[in-house]
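Enquirer: Sequence:
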Amino acid sequence: MAKHPFVSDREAFGALGKRTVEMLDSYMRALPDEPVDRVVPKDVRQRLISLPLPEYGQTPEAILDFLQREVMPWPIATGHKRSYGWVNSGPAPIALWRMP
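For this note's numbering, add 834 to where a residue sits in the sequence shown, where the first one is 1.
Take the hints with a grain of salt, since some may be wrong.
Pair ranges (Cβ atoms, derived) [said to hold, decoys possible]:
| no. | residue 1 | residue 2 | range |
| --- | --- | --- | --- |
| 1 | D899 | E845 | 15 to 21 angstroms |
| 2 | D843 | W908 | 17 to 23 angstroms |
| 3 | D899 | E868 | 34 to 40 angstroms |
| 4 | V870 | D843 | 38 to 44 angstroms |
| 5 | L898 | V873 | 38 to 44 angstroms |
| 6 | D843 | P875 | 38 to 44 angstroms |
| 7 | T854 | L882 | 27 to 33 angstroms |
Quick caveat, the hints were computed from the structure, so don't treat them as lab data.
No experiment lies behind these values; they were computed from the predicted model shown.
Note that the Cβ used here is the ideal one computed from N, Cα and C, for glycine as well.
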């Protein structure tokens, strides 16, 4: 079995972590200026649910690209400061941090 690339390449692991944090930071900073709730348009929803599942695993970078491009534009409203809130709680920025 091949080793996972991040087991031996801490530089790549660190770069991926930095990219993830920067992506989340940009998202959280932009959120207050966005509408409280955005409905995913029917054509976007249909396109996403009709995507075939990958036959093989994807790189972490490809997964982050997909999330940033296809998922993050349609947030759950509870992350917004003007959200009424419900069972799901809004994200606490500190929850995004952890020790490696």
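Enquirer: State for each hint whether it applies.
Expert: Consistency of the hints with the structure:
1. D899 / E845: 15 to 21 angstroms: This hint holds: roughly 20 angstroms between Cβ atoms.
2. D843 / W908: 17 to 23 angstroms: 33 angstroms, violated
3. D899 / E868: 34 to 40 angstroms: 21 angstroms, violated
4. V870 / D843: 38 to 44 angstroms: 41 angstroms, holds
5. L898 / V873: 38 to 44 angstroms: Violated, at about 24 angstroms.
6. D843 / P875: 38 to 44 angstroms: 39 angstroms, holds
7. T854 / L882: 27 to 33 angstroms: Distance hint for T854, L882 is violated at roughly 21 angstroms.
Comparing the model with each earlier hint shows violations of hints 2, 3, 5 and 7; every other hint is respected.
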